[in-house]
Amino acid sequence: MTMETGPDAEVKKAQEDPPPQPPQQLEASASQAPATAAPHGLAGHPEANSNEKQGTQPDPRHTEQGLDMEEKDYVETDGLSDRTTPSKTQKSPQKIAKKFKSAICHVTLLDASEYECEVEKHGRGQVLFDMVCEHLNLLEKDYFGLTFCDPDSQKNWLDPSKEIKKQIRSGPWNFAFTVKFYPPDPAQLTEDITRYYLCLQLRADIITGRLPCSFVTHALLGSYAVQAELGDFDAEEHVGNYVSELRFAPNQTKELEERIMELHKTYRGMTPGEAEIHFLENAKKLSMYGVDLHHAKDSEGIDIMLGVCANGLLIYRDRLRINRFAWPKILKISYKRSNFYIKIRPGEYEQFESTIGFKLPNHRSAKRLWKVCIEHHTFFRLVSPEPPPKGFLVMGSKFRYSGRTQAQTRQASALIDRPAPFFERSSSKRYTMSRSLDGAEFSRPASVSENHDVGSEAEKSEEDRDYGGGRRKSETEEGELRTPTKIKELKFLDKPEDVLLKHQASINELKRTLKEPNSKLIHRDRDWERERRLPSSPASSSPKHEEGTPKGTPEKTNERAGLREGSEEKVKPPRPKAPESDPGDEDQDQERDSVFLKDNHLAIERKCSSITVSSTSSLEAEVDFTVIGDYHGTAFEDFSRSLPELDRDRSDSEAEGPVFPRDLDKAAPIQDEESKAASEAPERGICPTSDMPHFEPVKTETMTVSSMAIRKKIEPEAVLQARVSTMETAQQVDGGTTGGKEMITTSHSVTMETTCTTMENSLKSGKGAAVMIPGPQTVATEIRSLSPIIGKDVLASAYGATAETLSTSTTTHVTKTVKGGFSETRIEKRIIITGDEDVDQDQALALAIKEAKLQHPDMLVTKAVVYRETDPSPEERDKKPQES
Amino acid sequence: MGTPGEGLGRCSHALIRGVPESLGKEREGVAVGIPPLDLAKAQREHGVLGGKLRQRLGLQLLELPPEEQLPLGPLLGDTAVVHGDTALITRPWSPARRPEVDGVRRALQDLGLRIVEIKDENATLDGTDVLFTGREFFVGLSKWTNHRGAEIVADTFRDFAVSTVPVSGPSHLRGLCGMGGPRTVVAGSSEAAQKAVRAMAALTDHPYASLTLPDDAAADCLFLRPGLPGASPFLLHRGGGDLPNSQEVLQKLPDVTLVPVSCSELEKAGAGLSSLCLVLSTRPHS
Chain A
1 MTMETGPDAE VKKAQEDPPP QPPQQLEASA SQAPATAAPH GLAGHPEANS NEKQGTQPDP
61 RHTEQGLDME EKDYVETDGL SDRTTPSKTQ KSPQKIAKKF KSAICHVTLL DASEYECEVE
121 KHGRGQVLFD MVCEHLNLLE KDYFGLTFCD PDSQKNWLDP SKEIKKQIRS GPWNFAFTVK
181 FYPPDPAQLT EDITRYYLCL QLRADIITGR LPCSFVTHAL LGSYAVQAEL GDFDAEEHVG
241 NYVSELRFAP NQTKELEERI MELHKTYRGM TPGEAEIHFL ENAKKLSMYG VDLHHAKDSE
301 GIDIMLGVCA NGLLIYRDRL RINRFAWPKI LKISYKRSNF YIKIRPGEYE QFESTIGFKL
361 PNHRSAKRLW KVCIEHHTFF RLVSPEPPPK GFLVMGSKFR YSGRTQAQTR QASALIDRPA
421 PFFERSSSKR YTMSRSLDGA EFSRPASVSE NHDVGSEAEK SEEDRDYGGG RRKSETEEGE
481 LRTPTKIKEL KFLDKPEDVL LKHQASINEL KRTLKEPNSK LIHRDRDWER ERRLPSSPAS
541 SSPKHEEGTP KGTPEKTNER AGLREGSEEK VKPPRPKAPE SDPGDEDQDQ ERDSVFLKDN
601 HLAIERKCSS ITVSSTSSLE AEVDFTVIGD YHGTAFEDFS RSLPELDRDR SDSEAEGPVF
661 PRDLDKAAPI QDEESKAASE APERGICPTS DMPHFEPVKT ETMTVSSMAI RKKIEPEAVL
721 QARVSTMETA QQVDGGTTGG KEMITTSHSV TMETTCTTME NSLKSGKGAA VMIPGPQTVA
781 TEIRSLSPII GKDVLASAYG ATAETLSTST TTHVTKTVKG GFSETRIEKR IIITGDEDVD
841 QDQALALAIK EAKLQHPDML VTKAVVYRET DPSPEERDKK PQES
Chain B
1001 MGTPGEGLGR CSHALIRGVP ESLGKEREGV AVGIPPLDLA KAQREHGVLG GKLRQRLGLQ
1061 LLELPPEEQL PLGPLLGDTA VVHGDTALIT RPWSPARRPE VDGVRRALQD LGLRIVEIKD
1121 ENATLDGTDV LFTGREFFVG LSKWTNHRGA EIVADTFRDF AVSTVPVSGP SHLRGLCGMG
1181 GPRTVVAGSS EAAQKAVRAM AALTDHPYAS LTLPDDAAAD CLFLRPGLPG ASPFLLHRGG
1241 GDLPNSQEVL QKLPDVTLVP VSCSELEKAG AGLSSLCLVL STRPHS
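First to last, the protein sequences are chains A and B. The first sequence lines up with residues 1 to 884 when you count with this note's numbering. The second sequence lines up with residues 1001 to 1286 when you count with this note's numbering.
Since the hints were derived computationally from the structure, they do not count as laboratory data. Virtual Cβ for every residue (Gly too), placed ideally from N, Cα, C. Hints may be right or wrong, so weigh each one.
[To be verified] Output of the computed footprint for chain A on chain B, the stretches with three or more beta carbons under 8 Å from beta carbons of chain A:
1. 1047-1054
2. 1078-1092
3. 1104-1110
4. 1161-1170
Work the whole structure out from these sequences, hints included.
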């Protein structure tokens, strides 16, 4: 590879940087001092390791943790280290490792060379990753990651926040350094060296067929790769088929090579860096760029692929895209056993959220997919990572993406101040080892190249191994030079003066995002969506607006700014706990993983109270997915206020409005037939559209402050209930009832009742979903409404109830099951009636059932379960929330 | 690959095929069920179309001779999907129409295009079920085109996302929607058309505007950029004689020169502008 292990002196210098820091930082890092040195001390140089072994610093454990911490620190921006550090320090003494034991790691780099290093046996993934990045001289490392193969030889991401040993288990300490998040706009990367590694990854993706492209594109990309690697065409040096020793395509033909040489001749004067930018500009347009594919089956047992990418989730059948769920469309991602679920925000013509299930080969693959989704969502869509759930009784996995988001990494890399590092682009040499050439000096049996041409998966992996092998040799052979550059870790984010800098950077970022083509997306979205937007629903318009802004678009940028000013505390405090909560993760995963967790709800609830919540569904969305970046309403308002440009942009397009007036007019009338038609169409279960258009849309009345209070407490309960219904397991019901107690807010009594309504009707597509899941979760449509109707006004006038103070809240859960030729829709309503003791609960109950019947005239009431809670003691009330 | 959307409509040649007398006759086989049409009028319309392509748009026009045993031969848009240097020769749904591809294949080959064939016996693909937006392909899964056919489109044009769009009713996808500009989808107002557009909106990663026209047939238009890059683009569309209601809305499309043509008689045989001509560029990458 490009780097040598020489310049330890340089590294040391960098280490010495932190100490002379402003007092604030000093205070924060007092206990961190050893930790600060850690990344370098542990850096992957043999020397560094021997340092460790000599035991100058007695507590490697501590060091390692500190390192981990530190990583977190600059993720979290300024001013927090003083909080996080102490907790760490407390923690580490208990964990003092007995002895320093190290393990040898083999990391296959992007140019197929192998890097070997030693890490502490109980070191976390981050330690190794940092070593590799240092070896590679890479600063913009958040786009990259390490993978390892599990016993099923499936590729897994090494979680930086967990011990390596626990992740690879008994497997060998072999890893591969790869791109994890493909930047949608590589031109925005700060350093050429980052782009170089991205190019290497893409070239490998192309050769293995993971990134398919046409002949023309193979030729174009190949020619840029040649220019980057060989430089200008030189008639003397480049004779004959001089590119044939490079690999450009899974099936490389003479014709392709000729075309590449032809193009190469025209690039005279283009620097390698420029050639790589051209390469990336073309590669990023390919439809499979950055799409991480996972095999799965849909509800009918048909083989499909789920592709996770920057913008969301893509569903492929064979090579065809058959569905797409942008992140904003997705409310929740979860998995249970080998099933993977996404809950979808209702479309313009649907009233209900729907849950779509996919069957993965096994539990591990479902979890893997789930993790990748969480990570991609966080990286590309959020401004900052959401905190991992804390507490003991967390349902499901505590896994969260803890690295920097794209927004953060861009911000951080804007501050990189080092001269462009020198590096040698040496990738091509590996090909010489694996590819046979017509008459070249590296001769290999011709069959090898034939194999390449056939290109089956197995052969490809073999081919990869070949590269590895070949490269390993060349690595040791070549003594390569690295220009020593000052490695300035980005911890200076913590310095006060950098706060200002960073602020400036974020402003710049804001400006840049405004200029970048992405901002058009907003525009686009309006165009597409305008005709579908219902003018009467302000709440639906803001999420929609949001929908078309997948990556670091202006809104988001602004939210980031907003976050920094106001609500940091909300996001940050849990962080320090993250590492401790790791153990047990695996076990809990067995239960059920889901993205929403109680703590988050509460945090979000807090936030909600300052927002005008105009529709339940939008609130629900926030609660469930805890998408910090998704506070459409406020975020957008802020944004339009602070950024007149966008506003103008917006009004421009509004002015364009009359261009498509029909679209607007048409929208509403079509709605009903549309949803019917949609349900008639054989959608193969992938796109369940509600077939119950007669449902009344759920409305939330404007809430008074007091109802807000009620609501706050109700929310976690409701979520719990929802989980109950989805899982349909008995034990969860308990949780539900206990939850019920905690909601008692007003005072004396609570009545809860559940009405199950069942309806059967035959479905045309009707092949049956039994293949996929035995249970009823195949296609689940779910609505949940929380509409506290305040006081007697509503209830009394409508139904003649005599309550003095009475409030009801209804939770509706719709499950649609497709079994054989029948589709069964099961609606579960949970109605919570809260009121004074003298409320006639029976009457209220009767009314509620009646109302439910009225709402769904063609449904059958099959079950009504009533729980009654009376007069819980205040202490109990206070305790409950923690328990449940 | 060029700038996204730039590839849309770039063309130097147009290919059409003459109207055989058999199209006007009492028919059996293929054309059963098509109401008798006025042959003379159909031929006149076809002639005018050719004239517009040549004179108004400045394209090199190649006209294949009519063949009596192929009454629907003029609908050659069903027989090939052309993009860039590649022509995918289709396998039309109607077995009787499959011989139509031969003449078209020959002509495209002569123009120097890379020919891709569908060998899979289970695939059916009508060319007018394919919409290229400049950035991606949509393939209508209609009465005429099946999943396998769509898959071959994806295999052939690998640089692009190829998404499937369910098409209900008797139409082809191109009979419901088309491109009014590099970033504008035009669609009819029928339920089928609107549904298709919504499906496309959900499937795409790209920004498009949409324009709804009163008539579905009006959405079957061709956005063409003959000549040098930068030259003003044209929109070949059904004129006021055919579809008076849609004209006003079409005026709203920015930056295109509208070129109206009529094909109301040929329409009776199921023809639309996208099926009556194939446009292509022999210098796709210059």
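Hints, one by one, checked against the model:
Evaluation of the coverage hint for the stretch 1047-1054 of chain B: breached, as 0 residues show C-beta separations to chain A shorter than 8 Å, against a requirement of three. Under the rule that three or more residues need a Cβ within less than 8 Å of chain A, the assignment of the stretch 1078-1092 of chain B holds, with 3 such residues. With 0 residues carrying a beta carbon less than 8 Å from a beta carbon of chain A, the stretch 1104-1110 of chain B misses the three-residue requirement, and the given coverage is violated. Counting residues of the stretch 1161-1170 of chain B whose CB lies closer than 8 Å to any CB of chain A gives 6, so the stated coverage by that chain holds, three being the minimum.
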